[in-house]
Amino acid sequence: MNNTENKPPRRVIPLTVERPSTLSAAQQAAVREVCARLAVLPGALLPILHGVQQALGYVPPDAVPVIARELNLSVAEVHGVVSFYHYFRTTPRGRHVVHLCRAEACQAVGGRVLEAHAKRALGIDFHGTTVDGAISLEPVYCLGNCALGPTLMIDEQLQGRVSTQRFDALMSGCRQGAPREVS
Amino acid sequence: MSAAPSGPFKVYVPRDAAALGVGAEATAQAIEAEAQRRQVPIELIRNGSRGLLWLEPLVEVATLAGRVAYGPVAAHDVASLFDAGFLHGRPHPLAHGRTEELSYLKNQERLTFARVGITDPRSLEDYLAHGGYRGLGAALAMPPEAIVAAVTASGLRGRGGAAFPAGIKWQTVLGAQAAQKYVVCNADEGDSGTFSDRMIMEGDPFVLIEGMTIAGLATGATRGYIYLRWEYPHSKLALEAAIASAAAAHYLGEDIQGSDQRFDLEVRMGAGAYICGEETSLLESLEGKRGQVRFKPPLPALQGLFGQPTVINNVITLASVPIILDRGAEYYQHFGRGRSRGTLPLQLTGNIKHGGLVEKAFGVSVRELLYDYGGGSLSGRPIRAVQVGGPLGAYLPESQFDTPVDYEAFAAIQGMLGHGGLVVFDDSVDMAAQARYAMEFCAIESCGKCTPCRIGSTRGVEVIDRLLADENAPRQEALLRDLCETLTYGSLCALGGLTPYPVLSALNHFPEDFVQAVRAQPSA
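In order, the protein sequences belong to chains A and B. Mapping of the first sequence onto numbering that gives the first Met the number 0: residues 0 to 182, in sequence order. Mapping of the second sequence onto numbering that gives the first Met the number 0: residues 0 to 523, in sequence order.
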């Protein structure tokens with residue numbers, strides 16, 4: 000008996016309905032460009048996520064299915080990696096990102112005071128962005144500048160011996176443009 | 000001081016991140032502008048840091064009598080330096096005389112850091128002129144077994160913290176059969192109070208590349224990865240520049256110095272996860288996964304990166320290999336004491352007057368480091384506690400300051416040397432807050448794989464809070480000690496396993512900071 004020919008065509012019912020992507024065409028293109036460039040690397044996911052964050056300033060949740068498809072991974076696997084690492088952010092950042100060191104060597108020279116001052120002066124907690132969109136504040140656990148703390152990094156510019164006064168001066172510099180540096 | 004050697008005056012301004020953080024870039028630009036204004040020919044060299052970080056930006060000038068140091072030099076000091084004739088090494092309020100004669104530097108034993116601060120880290124020629132690649136030259140003339148034997152005989156132990164003998168790891172990888180083997184450098188220097196890896200990568204990146212290449216020759220590995228934390232963008236630049244020039248000069252690539260041996264090297268960036276300094280989670284991360292700790296066995300030496308035999312060592316470990324091959328295992332082994340051979344680059348940090356890098360043979364005491372080198376606290380108040388070995392290291396009270404820098408001596412006081420960082424606190428420190436932070440840090444950075452670390456750390460913060468609020472303090476203390484025991488013996492890796500060190504050392508040595516109820520009881 001051979002009834003395969005009489006079978007109706009197989010219907011695929013998707014387990015979840017894919018939401019339409021909220022990525023702009025330019026964002027889509029940027030994500031695909033990064034994937035196309037880096038997917039050949041062994042263990043490509045971290046380099047790709049770095050590339051996407053560099054291009055877009057963050058890793059939008061809707062970039063995850065695109066990356067997953069390119070790497071033949073599940074969305075869960077990619078999401079798991081994005082959420083595991085503190086450096087990857089899933090929301091847009093301010094024009095400058097201030098990484099403030101919370102670790103022991105900075106604590107020993109007034110790091111806790113600086114941390115409280117920073118939150119008060121900017122009016123935000125860690126992971127927040129100022130209302131004018133100028134500055135995002137992130138905690139970091141050691142910037143390798145432990146003999147000259149308290150330390151912070153604005154974009155990729157390291158600053159040592161940061162007093163509360165110097166912090167205020169640096170932030171007003173940020174609001175006028177400045178940093179980035181390196182690379 | 001005498002005049003400069005012939006040609007333009009050589010002026011050195013570090014490009015080390017710590018120096019940049021206190022204005023070295025502005026100082027360098029001011030020096031160039033001032034020289035141009037005065038029409039004095041100078042050659043500005045951007046060296047690594049000498050490690051006398053309280054003097055940064057430390058400007059040096061080459062004279063016939065040697066290099067003369069000035070510091071800390073802010074941009075607004077530059078004109079007065081020119082007026083005083085600093086290009087001829089003449090006196091100035093910021094002058095410190097010959098760099099080599101500074102007692103901080105003079106009394107060190109700089110083996111791994113021999114070139115850091117002296118050479119231009121972007122110049123392969125400078126590296127070669129200062130004894131670079133002699134170790135590789137020796138290794139190329141030796142069979143792999145002999146290279147491994149030299150590293151084993153040197154007594155070199157993993158400088159990342161675990162102190163496992165490097166030669167034994169290498170022997171295992173050499174003995175493994177596989178089509179592809181790897182050398183992975185752990186440059187995820189996450190311990191607070193440490194920056195020696197960063198200083199090597201920024202100040203002498205070629206020595207790390209040379210060490211990794213030798214590891215490749217010794218074990219038959221042809222591919223290398225440097226797993227670098229994202230917090231070190233300056234190191235990334237320095238490493239990538241050095242890799243490119245090493246490859247162009249055939250010190251990397253498919254035919255190293257005409258030997259027909261291959262070794263390729265690549266820098267990979269981490270993404271902010273303290274746990275990725277643990278070797279198995281680092282390998283997971285390099286493979287593009289969450290940085291979760293693996294069960295051992297299998298050992299990474301047999302099934303490491305992508306399941307292949309892998310040498311995985313810390314930056315300082317690998318950067319110490321060239322001098323061992325160059326000067327011989329006996330030379331290196333001659334430094335140190337007991338089972339701790341060679342030197343350790345120690346980092347004096349936190350509330351310390353003379354913070355910086357001190358490379359010494361094992362055996363130097365914590366007290367010597369704090370007072371003879373460090374000059375006491377920055378604030379001028381008494382030093383109350385020193386955390387040695389990073390966020391998982393014990394807090395030492397004054398009574399333990401005579402402990403020698405030696406792996407076994409630290410193990411004996413329920414502490415560890417780790418990566419050689421000393422974080423100094425004066426008497427304004429609240430040790431209960433430090434203990435709470437240790438638990439909080441563990442909770443933030445736990446990879447989540449094992450329960451004691453994942454849940455225990457959060458419960459630890461809560462128990463300390465209740466202890467400090469004096470909610471039946473003796474019971475809370477008993478609970479905290481019990482929890483610490485669970486963490487110590489039940490965790491999969493050192494993060495959960497060692498978090499009790501800072502917590503219990505704070506509780507045992509500084510009970511007065513915790514609660515009245517605890518103070519009344521003699522500590523265990």
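Where hints are given, some of them may not hold.
[Unchecked claim] Listed below are several chain A residues computed to face chain B (Cβ distance under 8 Å; list not exhaustive):
1. Val-11
2. Leu-44
3. His-49
[As the list claims (entries may be wrong)] Ranges of calculated distance between the beta carbons of each label pair, as one might list FRET restraints:
4. A/Tyr-57 x B/Gly-174: 21 to 29 Å
5. A/Ala-24 x B/Glu-144: 58 to 66 Å
6. A/Ala-25 x B/Asp-426: 53 to 61 Å
7. B/Thr-457 x A/His-126: 34 to 42 Å
8. A/Arg-36 x B/Asp-259: 53 to 61 Å
9. A/His-126 x B/Asp-426: 29 to 37 Å
10. B/Ala-248 x A/Leu-40: 19 to 27 Å
11. B/Arg-36 x A/Ala-115: 40 to 48 Å
12. B/Gly-447 x A/Gln-27: 31 to 39 Å
13. A/Tyr-57 x B/Glu-144: 45 to 53 Å
14. A/Gly-176 x B/Gly-447: 53 to 61 Å
I should point out that these hints are in silico values taken from the structure, not numbers from a laboratory. Glycine is no exception: its CB is placed at the ideal position from the N, C-alpha and C atoms.
Quick rundown of the hints versus the structure:
{"no.": "1", "hint": "Val-11", "result": "29 Å, violated"}
{"no.": "2", "hint": "Leu-44", "result": "3 Å, holds"}
{"no.": "3", "hint": "His-49", "result": "6 Å, holds"}
{"no.": "4", "hint": "A/Tyr-57 x B/Gly-174: 21 to 29 Å", "result": "46 Å, violated"}
{"no.": "5", "hint": "A/Ala-24 x B/Glu-144: 58 to 66 Å", "result": "59 Å, holds"}
{"no.": "6", "hint": "A/Ala-25 x B/Asp-426: 53 to 61 Å", "result": "57 Å, holds"}
{"no.": "7", "hint": "B/Thr-457 x A/His-126: 34 to 42 Å", "result": "19 Å, violated"}
{"no.": "8", "hint": "A/Arg-36 x B/Asp-259: 53 to 61 Å", "result": "32 Å, violated"}
{"no.": "9", "hint": "A/His-126 x B/Asp-426: 29 to 37 Å", "result": "34 Å, holds"}
{"no.": "10", "hint": "B/Ala-248 x A/Leu-40: 19 to 27 Å", "result": "25 Å, holds"}
{"no.": "11", "hint": "B/Arg-36 x A/Ala-115: 40 to 48 Å", "result": "44 Å, holds"}
{"no.": "12", "hint": "B/Gly-447 x A/Gln-27: 31 to 39 Å", "result": "32 Å, holds"}
{"no.": "13", "hint": "A/Tyr-57 x B/Glu-144: 45 to 53 Å", "result": "51 Å, holds"}
{"no.": "14", "hint": "A/Gly-176 x B/Gly-447: 53 to 61 Å", "result": "40 Å, violated"}
The structure shown violates the earlier hints numbered 1, 4, 7, 8, 14.
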